[in-house]
Structure formats: structure tokens, C-alpha cells
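Enquirer: Residues per chain, in single letters:
2 protein chains.
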Amino acid sequence: MKLYTSFGPNPAVVTAFLAEKRQALETVRLDITRAESGQPSFMQKNPAGTVPLLELDDGTYIAESLAICEYLDEVLPGPGSLIGDSAVARAQTRMWLRRLDLHIIQPSSYGRRYAEGIEFCKNFRQVIPQAANDFKLMAAQGIKWLDVQMGASKYICGDRVTLADILLYVFVEFGNVNGQPIDPSIPWLSRWRVLMAGHRLAKVLHCDLPSYAAAVA
Amino acid sequence: MKLYTSFGPNPAVVTAFLAEKRQALETVRLDITRAESGQPSFMQKNPAGTVPLLELDDGTYIAESLAICEYLDEVLPGPGSLIGDSAVARAQTRMWLRRLDLHIIQPSSYGRRYAEGIEFCKNFRQVIPQAANDFKLMAAQGIKWLDVQMGASKYICGDRVTLADILLYVFVEFGNVNGQPIDPSIPWLSRWRVLMAGHRLAKVLHCDLPSYAAAVA
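Respectively, the protein sequence lines represent chains A and B. One rule links them: number in the working numbering = place in the first sequence (from 1) + 64. One rule links them: number in the working numbering = place in the second sequence (from 1) + 64.
Bound-form chain A, shown alone:
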């Protein structure tokens, strides 16, 4: 297998997932600031032009970070599943992945793409600058809603760390250096960030953040 990756939160989700699985893959790093993912040679591999992209040994391509992580969770060895070890556990992880995505990750991404990231994003996506502030507000409200739901829970799905924690951690930390600073007064989020910072994934993620902040500045 070969992983096409770059900087930014979506590739970082897969990188962080692999770190937490204690696994490594052969990696090809693209410079998306030079639009390498939009070149015909890459668009043949992934017509959506997005990284990360996983190339299987038989030439099959799997795009989209959450689909890649689900696949890697099934096929890689490692110290246990990061989705869940039973149908119910997997369902709860996927429910939370979806809630995070709808209430926090997508609004936060729209907020970034239509404001700080607009000069970069307008080259290859439709942008809606008049919606940027509303989406940032929606993401901030989503975080507050999550905080209430989590109460005393250790991780998002109870005592087990899952892809849901990885997804949220990556986007929250990237947002923090790029226009959506973390509100330190949110109690569950603050405790959970300390916990997550002790995981292996935090090391690979925090290596990437300074170069990300510089590239988007």
C-alpha cells in the first residue's frame, strides 16, 4: 500500500490514525500549495483531486480520510480497533463521527475555506465568503453542545479512544492555529485535550502544525 498525503487536517487524520495504530505506510507527499493534487497524473488516480489517497497493491484507489481509516482499521494489524470491536461499538463510533462532522468539522471547514483559506481554496472550489462567520459560529456552538453531552466521559465514546477522537483532535488543533482559536473555558474539551496530547498521534500532529500555520499565513 502507498499513501498520498500532504499537509492540512484531512491528511493529518490518516497520519494520526496510523500513529495510534502503531503502523507506518510508504508515503508520497504532495505539495498542494503548488496544486500538485490537481495535476492530470494525480486526477487520474483520484478524480476528486483530494489527498489523502490510498493506493492498494492491485492498483485500486481509496479516497476520503474516513473511508481510508475504516479500511486500514480492518486490514492492518495493531493493538485493537479504533472503530469498535462489536457492531454496537462501531455504530456508536460512526454515530459520533457523523455528529462531529455535521456539527463541528464541516462548519469549521467551511468557515476556514471561506475566510482565512479563501485565496488558496478559490482556485479549486466554489467559495461562499458571505457564510464564513456564520459557519464559524455554528462550529463553536457545536463544540459547546458536545461539551454538554460529554459530561464526565473520558473519550467521545466512553473509555475507548476511537477515530472520533482523532478526527476532532486534528480539526480542533488545526483550527486553533488558523482562525478558530480554542475556547479554554470549555471544561470537557480542555480535559480531553490534555488526555489526547499524551497519545502518540499528538506527536506527529504537532510536528505538522507550525508548517501548516506558516503555509496558510
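Treat each hint with caution, since some may be false.
The list makes no distinction among identical chains, and a pair is therefore deemed to hold if it is satisfied within one copy or across any two copies.
What the hints assert, rightly or not - No farther apart than 30 Å at their CA atoms in a straight line, the calculated lysine-lysine pairs in the BS3-like style are these: (1) Lys66 to Lys200; (2) Lys200 to Lys186; (3) Lys218 to Lys66; (4) Lys109 to Lys186.
Source of the hints: derived by calculation from the structure; they are not laboratory data.
On the provided structure of chain A, position chain B as indicated by the hints.
Expert: This is chain B only, laid out in the frame that chain A set:
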């Protein structure tokens, strides 16, 4: 198991999925126009206040239509998986689910909620009316992009019908009666809609569409 449902596209995804699996569940139908899903008794079950919601026999709740479908696919008998029979097949279905969601379903939903659906949605969601037209345009462009990718493919993931087809079919048909009419000049979509109309899911879906169109009018 017990399924809490209502009208509208998200509940219809699970209903259509069950029809295609040739399965039925005990169902509780909520009137979301009377905000029954926002009542404290329901919010205790699902603090996001959304339907569909699946109640398991041990009292566990699973929300979010895609998470519910993944769970039902794992635990129900039926004529084969609608996600995939191998890790690669499942990854391809999930990749397409994600692409559909990002490029078509979410933009289309925002377009509807912030325009035709705004009087209803503003009671329980933040709305961004100044973004409605741009999101409708984004969804329409997403459909055109998909059309090019599909070429001569029978279903979205080749010869097998999957949850990706169900998701797209439900949202396209609901959009068609509610402010996002289907462009009949799109070749793959037109062929695929004829094919999908012959599936069991189409019968349950089209029963729901007139009442939906009336309720949102």
C-alpha cells in the same frame, strides 16, 4: 429493535435501506412538524433531537442515518450486504458515500434548509439564508461531476447496488419536489434513476414524497 422515524430525506434513507434488505422493524413515527423530536422525552433518547433513531433491545440508542444503516447491514439477515462483502468493497462504498455527502447531499441540504425549508428549520437550527443559492449551485455542480465520473457504470459502485445509491436516490427525489428539480439532460443520472425506480426502495420512497411536498409547501 425499534426505529423512531418521520418524514423527510434522512428517515427515508433508513426506510429505503430496510426495503432493499427486505426487512421490517417496529416503528414509532414522530410528527417533526409538531416538533415532537424536540420534546424532552425524545431528547433524552437522542440529545441531537434528530430522527431517525434506532433503539436496541438493551436500551442503547444509535442516531444518524448512515450509522444506523451500517449497523443494520451488520446485524440483519438479508440478501447480501449493501455496504460491501470485502474490506475493499466496503471502502469503495464509504468513499462514495463521503464524496456524495460532501459534494451533493450536504450542499443540497443547506440549500433546502436555508431557502424552502427556512421557516421550519429556523426553529431548531442556525440558518444562513445568504448562502442558500450558492449551496444549491454547488449541489448541482456535484451532480454534474458525478455524472462524468460514472460514465457507463450501472450503479455508483459498479454492478452492485449499495447504500451510496440509496442515499443519493433519496436526496435527489426529495430535492426534486422541493426546490432542486432534477436536470433531465444529465445522461448517467437519468439512466440510473430508471434503474433505481425498479428497486423495492422506490415504492416506499414515492409513497412518502407527496406528503412531504405537502408538508413543506
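Enquirer: Each hint should be assessed against the structure and marked as holding or not.
Expert: Now for the hints, and whether the structure bears them out:
For a Cα distance limit of 30 Å, the shortest separation of lysine 66 from lysine 200 qualifies neither inside one copy, at 34 Å, nor across copies, at 36 Å. Both within a single protomer and between protomers do lysine 200 and lysine 186 lie at most 30 Å apart by alpha-carbon distance, with minima of 18 Å and 18 Å respectively. Within a single copy, lysine 218 and lysine 66 get their C-alpha atoms only as close as 34 Å, which misses the 30 Å cut-off; across copies the closest is 29 Å, which meets it. Taking identical chains as interchangeable, the C-alpha atoms of lysine 109 and lysine 186 lie at most 30 Å apart only when both belong to the same chain, with a minimum of 22 Å there against 41 Å between chains.
Going down the numbered hints, you'll see the structure goes against just number 1.
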